[in-house]
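Student: What follows is the residue order along each chain.
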Amino acid sequence: MKPAPFAYHRPGRLEEALELLATLPNARLLAGGQSLLPMLNLRMATPEHLIDLGRVSTLSGITETADGISIGAMTTQRMTERSPVVRTRCPLLLEALEHVGHQATRNRGTIGGSLCHLDPAAELPVVASALDARLTIANQNGSRSIRFDEFPAGYLTTQLARDEILTTIDFPQTAAGSGWAFEEFSQRAADFAIVAVAVVVTIGSDNRAKQARIAIGGLGPAPARLHDAESMLVGHSWDAERVRNAAQAATKLPSGGDEVNPAEYRSHLAGVLTRRALDKAFKRGRSHV
Amino acid sequence: MSEHTVLVTVNGRPYKREVDARLSLADFLRHELGLTGTHVGCEHGICGACTVLVNGSTARACLMLAVQADGCTVETIEGVAEPDGTLHPVQAALSAHHALQCGYCTPGVIMTLIELQRERGGTELTESAVRRALSGNLCRCTGYQGMVDAALAVLAAAPEKASGSID
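Line order of the protein sequences matches chains A and B.
Just so we're aligned: the first sequence equals residues 1222 to 1510 in our numbering.
Just so we're aligned: the second sequence equals residues 117 to 283 in our numbering.
These are calculated hints, taken from the structure and not from any lab test.
Source: prediction; values computed, not measured.
Hints may be right or wrong, so weigh each one.
[Unchecked claim] Just a sample of chain A residues kept apart from chain B, beta carbon distances all over 10 Å, derived:
(1) 1273
(2) 1357
(3) 1371
(4) 1396
(5) 1479
(6) 1496
(7) 1500
[What the hints assert, rightly or not] Selected chain A positions facing chain B (in silico; Cβ < 10 Å):
(8) 1227
(9) 1254
(10) 1257
(11) 1275
(12) 1323
Ideal placement from N, C-alpha and C gives every residue a C-beta, glycine not left out.
Okay, chain A solo, but in the shape it has when bound (with noise of 0.2 Å):
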């Protein structure tokens, strides 16, 4: 329950990291290291360099953009759910933290790191699924900047390259009338979902649905959108039987399994949920408006 030996190290600058990560040979980014560190223990990662983004300030914080919130990939779990933007601005983010890990993981745990790390039953990839979160991805050349449903490229696996760092993800406004809700089904609170589902539904003033989004994590390697329910709700107002088979589409979407929760069970709650979901959606939605 030791590491391997690395080596580490420690950049001040943006710069420093990505010269080092552009060098080292099999070289691992050390974000918070809430999902690293038991890797490294059980030996299921052995990198031979570790470079640890923790005193690199300018990755840290949370800035108000003209449309949204811009959060450096290094700010903490902690310090998002206590943010008063965040709060105001994205409060999907917010009702999706209470549901990670446990207060001593969030101190130290990162927004970019939980979403590089793509664990299938982590929350904030749905999030990032559901809102369309931006991110910006550097490297020694300069950066580019991706839709969030781009990201994944299998189990655990994200399209960085391995020269590359992602710095900064953006997260739009909740839009003024819109309703949102994050659920999931865990067997102890903070535990990985089985299941986990976040929707925003942005209404109009006739109460009827502008776009609705739909994202749902625990059936795959990464969160699925939901388009063909998405499509079925806009233009609509809540209904309880239009919800309903909005919720039984969840159940179709192709689901992996294992001996605790075959695919059945999960397809099971991901409708369950995402009915759940919408209804709060809808509810809060109006209730805005």
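Given the structure of chain A, go ahead and fit chain B onto it with the hints provided.
Tutor: This is chain B only, laid out in the frame that chain A set:
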């Protein structure tokens, strides 16, 4: 493979050590400083036995490298009671409510409750909030009712005064 100098203040006292990069903060406290009150259970962040305060916030000492604590202030169970042995109010409450048996999880539980007390002490705290806070500390012998009772009793009282021996 890679040695680093660590300067860290633990329970108000500064220490300087040369450590291997892969040494965890938990093993650093126990093996380098002899502070064996921080217990090591699962070594992968599940059990909470090794919970300490780093710059005032709880952290799993098994999920932090000693080198990451360079420049930080750490508080462990050894710094919680008064130097004359008078128990901290959280410790006294746990004792009064029979909230420990073997005591293996207790140091982590106390550090978790001290953080909760500093942040929320004196405010109305629900049983479910206390249970949520304690959900990251596994106890396999006592059960949680005594801990919950102790926490509700002590946290409903005044918030912790700025602690004298540690800052």
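Student: All the hints need checking, so say for each whether the structure fits it.
Tutor: Results for each hint:
no.: 1; hint: 1273; in the structure: violated, 6 Å
no.: 2; hint: 1357; in the structure: holds, 25 Å
no.: 3; hint: 1371; in the structure: holds, 30 Å
no.: 4; hint: 1396; in the structure: holds, 31 Å
no.: 5; hint: 1479; in the structure: holds, 19 Å
no.: 6; hint: 1496; in the structure: holds, 24 Å
no.: 7; hint: 1500; in the structure: holds, 23 Å
no.: 8; hint: 1227; in the structure: holds, 6 Å
no.: 9; hint: 1254; in the structure: holds, 6 Å
no.: 10; hint: 1257; in the structure: holds, 9 Å
no.: 11; hint: 1275; in the structure: holds, 6 Å
no.: 12; hint: 1323; in the structure: holds, 3 Å
Against the hints set out earlier in the document, a violation occurs for number 1 only.
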